[in-house]
Amino acid sequence: MAVEVPAKNEIAFVWFNNYAGVIIKTPSQTLVIDPVDVKPKTFQHVDAILVTHEHYDHFDQSVIYELYKMFKCMVVADATSAKRLRNIIPAEKLREVQQGSEVKIGEVSVKAEKCNHPPAATPVTFVITSEDGVKVFHTADSLPFPEMADVAAREKFDIVFCTVGIAPGSSPATGFEIARLTKPRVAVPYHTGSTADLRKFADMIKKNLPNVSCIVPEIGKTYSVSKKV
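Residue numbering for the sequence shown follows the numbering used here, beginning at 1 and increasing consecutively.
Any given hint might turn out to be false.
Unchecked claim - EDC-like mimics (lysine to aspartate or glutamate), calculated; alpha carbons at most 20 Å apart, straight line: (1) K114 with E147; (2) K83 with D60; (3) K111 with E147.
These aren't lab readings, by the way, just hints derived from the structure by calculation.
Using the sequences and the hints given, assemble the complete structure.
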């Protein structure tokens, strides 16, 4: 899965499964989030793996271990997932996070925030800030919650990934509510196998949030987003 190095003040991303599996590439770092339903050998380089929670569609020990063996990358995981990885990932390469934690991957910042996904034990979302200040909010499969607006006011997101299906209670409407709360430069629907749900989300953005652009992603395709100015 080749992802070209983005230009300064940009990030590139690839959605690689029907869930929350995303590659985020900055000019200096490659982050892989929730790698499941993907072959480790498809990745050319990984600096860090981020895990939002322990559910089967977000957490696969074997994939994480294979990626670690290939790249000796950092693994940043919520408390429940981190506990399950302690026997296979060396302590110096495993970082357990909870709401409020921050980890540095080179010059890239990864902050853990609240996640509204009640079936999970200790879920988190991730705020990723590139070395150039591009702000990404990976919301796992969270439902919207009021504090998202507070996080957005503080971070001023360039891109937000919005769950539109599969997870309990999620829909294009709940994904749209995430975009409404966070008001990013670019909203990206994901976490669905339904093209119709992706399009419904995009239509809602177009009709109701004229200042927010929408990228409807295709699995395996690379997209670029620049810094908010």
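Taking the hints in turn, this is what the structure says about them:
no. : hint           : verdict
1   : K114 with E147 : holds, 8 Å
2   : K83 with D60   : holds, 13 Å
3   : K111 with E147 : holds, 15 Å
Of the numbered hints listed earlier, not one is contradicted by the structure.
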